[in-house]
Each structure stands twice: as C-alpha cells, then as structure tokens.
Amino acid sequence: MADSKPLIVVIEDEAPIRRFLRASLPLHGYRVLEAATAAEGIRHLAEQRPDLVILDLGLPDMEGLDVVRQIREWSEVPIVVLSARERESDKITALDAGADDYLTKPFGIGELLARLRVALRHGARRAAPEAATYEAGNWSVDLAARRVFVADEEVHLTPTEYRLLTVLIRHAGKVVTHRQLLRELWGDEHEDAQHTLRVHISQLRRKLEPDPTRPQHLMTEPGVGYRLREDEPGK
Amino acid sequence: MTEPSFAATRRIGENWLGADSPSRRSEHSSWRAYAWAIVTVIACTLIDHLILRLTPESNLIMVYLLGNVAVALRGNRWAALLAAILSVGAYDFFFVHPYLTFAVADTQYLFTFFVMGLVGTVISTLTARLVAELSATRQRERRALALNALSHSLLTADAPAEMLEEAARLIGHDLGLTVGAWLNGEQEGPIVAVPPPSSLTRSEVEILRAVLKEGMAAGPGTTNLPGSGYLFLPVRSAQRIHGAIGIPIPEGTQLLLPEVRSALETVANQLAIAMAQAQARAEADEAKRKAESEQLRSALLSSVSHDLRTPLTGIVGSAGTLVEGAEALDPHIRRELAQSIVEEAERLSRLVKNLLQATRLEAGSVQLMRTCFPLEEALSPALARLQPMLEGHPVEVDLAPDLPFVDGDPVLIEQVFGNLLENAAKYTSAGTPIRIEASMAGELLWVSVCDRGPGLPSGEEERVFEKFHRHPVPGGRSGAGLGLSICRGIIEAHGGTIKAFNRTGGGACFRFSLAIAPAHGKMPHPPHEVT
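As you go down the protein sequences, you meet chains A and B in turn. Take the first sequence: its letters are residues 1 to 235, numbered as in this note's numbering. Take the second sequence: its letters are residues 1001 to 1531, numbered as in this note's numbering.
These are calculated hints, taken from the structure and not from any lab test. No experiment lies behind these values; they were computed from the predicted model shown. A couple of the hints might just be wrong.
[What the hints assert, rightly or not] Stretches of chain A that chain B covers, calculated by requiring three or more beta carbons in the stretch to come under 8 Å of a beta carbon on chain B:
id, segment
1, 203-213
2, 219-225
[Unchecked claim] Only pairs whose alpha carbons sit at most 27 Å apart, straight line, appear in this in silico DSS-like list of lysine-lysine:
id, chain 1, residue 1, chain 2, residue 2
3, B, Lys1353, B, Lys1426
4, B, Lys1467, B, Lys1353
5, B, Lys1426, B, Lys1467
6, B, Lys1426, B, Lys1499
7, B, Lys1290, B, Lys1353
8, A, Lys105, B, Lys1353
9, B, Lys1288, A, Lys105
10, B, Lys1288, B, Lys1467
11, B, Lys1426, A, Lys105
Think of the CB as a built atom: it goes at the ideal place given N, C-alpha and C, for glycine as much as any other residue.
All chains should be modelled from the sequences, with the hints used to inform the complete structure.
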C-alpha cells in the first residue's frame, strides 16, 4: 500500500463539488472516496484508513467542528476543511480543534492541490524525524545550531523570536492559528499574549523579510493566523 | 365650604398658568383690604384735622375722595365701598357742626353727604374694575407666556412620549403635584409615559381606559365619575386620542378652579396638536424610508440582474458549447472556453461576495472581531491577494516604523485595502504608481491610498461612496459599484471616516481614519530579551 496513490476521503454534501473533486483529483495522482454525510465519511475513515480528509464544515447531519473533534479522538489523518465565507469563525474553531488547513469556498483547484500537498507532507512527517535545517527562498535555518541566515547573512533573533520561527517551520506551508501559536509558545491564550505575539511577528518580519509590508514567506492570514509560505517546487 | 378644603382648593391651581381668579384673590386678602380701608379713612381724618384752619371746608371732602381712590386701587370694590361710607361718617362726625356727633344742624349737609357718598362709590367702583381688568390682562399675558413656553418645549421633543413627559412635567411643576401621563396603546391599553404618584386602583384604570377610548375627561370636576382620585384629561386631536394626563386630586379637596380646568384643557389641546404633528411626521418619515428602500431594492435588482446575467451568459454559453461539441472542438478553443468559464465564475463569485457584504453592513449584522494589530497585518495580505491586478503598478508603501497598533477587525480592514487597491488598479492606466501612506494625527491613524489616474470628476467626491454608483470606464471593466460603499460601511462600523479627494498633481486619494489601540498602542520591545 505504501507506494500506491494517496487516498483522499471527500466529505461534502454538495454533489457538484464532489463531482468536480472526483474528476480533478485523480488527474493529479489521488484516489477519491466520496461521502455525502458525516456519518458515512467517518465510516470510510475507519474502514479505509485514508491519507487525507477533505471535510465540508456545513454538513447536514453534524456540526463540522464535532466531526473534526470526533476524528481527532482516534486518528491523526490530515484534515483540510472547506468553509463558506459566512462561517469564518467556524474554520478557526475547526483549525484549533485539530484541522490542518482550510479553504474558503469558492476555491480554485490550484489552491486546493497546494493545500493537499502540504497537508500530506505533514501527515507523512509526523512519523519521520525532523530535518536538521530548513530552507526557503534565501532563508536558511540551522535547527541544530539554532542559527538563522538570510541571503547568507546571519540574523540574530531573540529567544522568543527564534522559538516562534521554529513553530512556524514545524508547520511550514500550513496555516497556524493565533491560539495554536500562543499555546505552543507560552501555553496561554489571553488577549495580552496575542498582542505580544503580534509584536514578535512584526519584529521577526523586520529581521527576515526585505520588505516587511510585502512579506514573501511570513504571511498573515487575516483573522486566522500566520502561514510560513514555502517555495512551491511542483507549481 | 369648609376651611381645609377651601385652602386645598387654593393650593391646587393657585397661580397655575396665571389662572388665579380675581374674586378668589380678593377673598383671600379681604380682611387686609377692609383694614386698609379703615386705616385710610383714619389717615384722611387726621390730615383733614391738620389742614382744617388752612383750607376751605369743601377741600376736606377732596382728601376723603383721594383716600377712597387709594383704597379702590387695591382692587377690592367692597373695601372701597366701605371706605366711601366710612368717609361720609367720619366727615359728619368730626367736621360738621355739631362736632363729635352724627347729628346734623344744617340739613343742607345731607345733600353734601349724598353727593360725597355717590362720588366715592362711583370712583371706587370704576377704579376697582380697572384694577381687576388690569390684573386679568396680566393673567392672560402670563398664561400666554406659559403656553408659549410649553409649545416651545413640545417643539424640542420629537417623540410623542417625550411630549407627554414634558407636558406632565410642566403641569406638575406649576401645580406643585406629580402628574401622571399615558400613551394610548390602542389594543394593549394605556402605556405609562410618566408614572403617576401612586399606582391606580382597578376602577381608576378602568376610568383611564374609558378616557382613552371615548376621549372624554373624567374624574373630579367632570360629570363622568367625579369620585375618582384622579382627574383624567384626554389628549385628543381630530385624528385620534393620543393619550391622557392624570392629575391626582387629594381626597377632601375642592374641585379644580374652572380657570385651571380651562388652562389644562388648553394645554391638552396644544399637546394633542403637537402629538398629531409628530405622528404625521413619523408616518411621513416611514413612508420616505420605505420609498427609499424600495428605490434601493429596485436599483439593486437592476444592477444585480445585469451583473449576474452577464457572467452567467458567458458560463452557460461556454459550458454548453463544450458539452455539445466536446469532440469536434479544437483543443485550443476548448481551453479558451474553459478559461472563460473560470474567469466569469470568479467574477460572479466576487459580485456575490460584495453583495452579501454590502447587505450585511447595511443591515448592521456585521460583527467586528476587534483586536489590536499592526497595520501591515491588514495591508500585506491585501497586497498579496491583489498581486496579479497590481502587476503593472508600482506600489509605494510609506508606513512610519513606529506606528502604533490599530484597534479594529483585521479581516475587514484588509477588505478596505483590497477594495481601494482594486479600485486604483481598475481606474488608472498601467505603469502609474499607487501610494499607501499612514500617519498619526491626534488619537487617530490616517491611512491614504492614492493613485495617479484621471482623478474623480468634480462633485463626485461624496457620490463615489454611494451604493451602485459607478463611474463608466471607457472600454474598461466596470464593477457593481459596491467596493467603495463597502469600504465606507466598514470604516464607519469602526467609528472612523473615509473621504475621497483629488490630489495635487493629478490622481485620486482615499483617506480613512482608524482608532489606535488603547492600552498598549505603542509597539513595545519584547520585555527582557536581547538578541
């Protein structure tokens, strides 16, 4: 099974969306299993052990958030949630509950494929040991020696900035919510901490990005969190 | 008429709107007036005694007549009459032979007494009447002034309840009582506008209901249920009964003075007119609002139907062509059709998103997820998102490095940036720069997005923010005219302002204000950390 095509379970009640995923995903090397309800999707999940789940948050039979929680009780499978624009807050709670990434409807297939690649890679990495260095664009982070280089120049970070960067690197390519970052950095989530987090992100951008107002890697996802954008080799 | 009730009657309505009655007032001060009459006559007698040797006897009578006028000027005709009679008596007693008796030696003097008494009486009566009329005129004037003050205060109130409150307050103030007032709630009955001093008994509530239904006054002093503890006056105009005023009448007190009643009724009438006008105004406003929303709806419909139909036509046509002739089509054409479907669908999606957003902003159902964030957190994602559109435009960003955090919803502020940038890209020719600046002015952060395009047509600076207002671009894509109205909706929801103006040297500028984060607006250095 290891070298066969990755299996994706699509839990989505809207038939047109299922249809286009069914048509396009196999073209890009994925196998697709469809479910129109949460119950059916969870059954597929238990029986087939897929590599990734695409989950619509607006299902008829169950709250999207509850589906995420239920899956996370027993499975680490990467989950990419689909949310309608009116339900912005749903996607944040879903991410905080353990979803790996999100897409807002309507989304392009290119966007979807990028998210799937990142999520699958993180899913695979969960077992594998961490790499010793991280490279993106002209950044190079030596995780063993705790040194950061931009365009071969060493940049000095404060301990907090460095920890923040490593958390983002650990989730590279994926969105990380404010709450996740706070939890991983300080273990608390109060509003002051969020303010401090924003200050640190700003500092980090100033040190690592040539133009902090138009960052190339350390991206803001408004209202959600941050995403360390990676170079997309396959794109 | 027992003494306590008499006093209470005077308390209710005394001085009210100038309604104190002259007869009551003279009764009130009668003993003083009679005393004054006696004192005056004594004084006249003393004066006469002093001037007796210096003047002809006939002049003594003149002094008494003068005294009579002085008494009459106090306004009490009975006291004046008393003074006239006393004068005749005193003259006879002290100055007519034989002295110190009322006997008269010369019968000629009887005629003198008669004329003296008559003249004194006539003068007294005329003077007293004059004084009474003068005071009545003054009262009318005072009442007019008081009513004028009332109508003034009614003018400043615009809700019927406020008007009732104002009138009740005024009446209560002048009567020295707390006066209750109710709005006519039709089916649901009386609605308390001003709570009465004590809660109504069940029968009083029934009376109040009847007053609101029938529009007749009820309670003490009226023919309807005079036993009630309250005098209820309806506030009725030609159209309807707007409400009622309830004046508590303490037990055992006399009926309100007729003058007070009539003044109260005048107030009630004036109040009714004001309330009727207010209602008419409210109805006109409502009608206008309805018409406007109707107009907006039809503008929305026509705009939406056009903007929806155009991309839909493209999608249906292209997709249909693909379905029908999939095999026969040249791969190049097939790809082009598919591409157009994607583009048109994206256009539709943007339109629907904007429509939803505009509607939600308008309905006030957008909830701000307020937080403190650096401006870049809203600006950078917008710049990244619009990268393809901004391809031909150099974007200059000038944010001072020590700008404080702003207080707002980053998702919505990102949309403002997005819409303004999209606008700039849409209406200016390729190669022209777009400049984004932010600076502090007092407690506000002012952000501007400026371009070097054709600028705004003069007079359009305000209209560009109107919904569905669009400026035709020659040969260009024109939007649904929602972007700027959304910007305004978002900024105003944040308590800020947004304006458009032409910049010197050509081009349009959009500038908006944002509140800075209150507590820790400054960008602090992370504590106890060194690099």
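Structure-based check of each hint:
1. Residues of the segment 203-213 of chain A lying with their CB closer than 8 Å to a CB of chain B number 5, which satisfies the three-residue condition for coverage.
2. Beta-carbon proximity to chain B at under 8 Å applies to 5 residues in the segment 219-225 of chain A; the threshold of 3 is reached and the given coverage holds.
3. Of the supplied pair hints, the one linking Lys1353 of chain B and Lys1426 of chain B holds, its CA atoms being roughly 18 Å apart against a limit of 27 Å.
4. For a cut-off of 27 Å, the pair hint linking Lys1467 of chain B to Lys1353 of chain B stands: about 15 Å separates their Cα positions.
5. Distance restraint check for Lys1426 of chain B and Lys1467 of chain B: the Cα-Cα separation of roughly 18 Å lies within the 27 Å cut-off, and the hinted pair is therefore satisfied.
6. Between Lys1426 of chain B and Lys1499 of chain B the alpha-carbon distance is near 19 Å, which keeps this suggested pair within the 27 Å criterion.
7. Distance hint between Lys1290 of chain B and Lys1353 of chain B is fulfilled; the C-alpha atoms sit about 26 Å from each other, no more than 27 Å.
8. Taking the CA atoms of Lys105 of chain A and Lys1353 of chain B, the gap is about 11 Å. The hint holds against a cut of 27 Å.
9. Distance check on the hinted pair: Lys1288 of chain B and Lys105 of chain A sit about 39 Å apart at the alpha-carbon level, beyond 27 Å; violated.
10. Annotation: proposed proximity of Lys1288 of chain B to Lys1467 of chain B holds, straight-line Cα distance about 18 Å (limit 27 Å).
11. Note on Lys1426 of chain B and Lys105 of chain A: the hinted pairing holds, with a Cα-Cα distance of about 25 Å set against a maximum of 27 Å.
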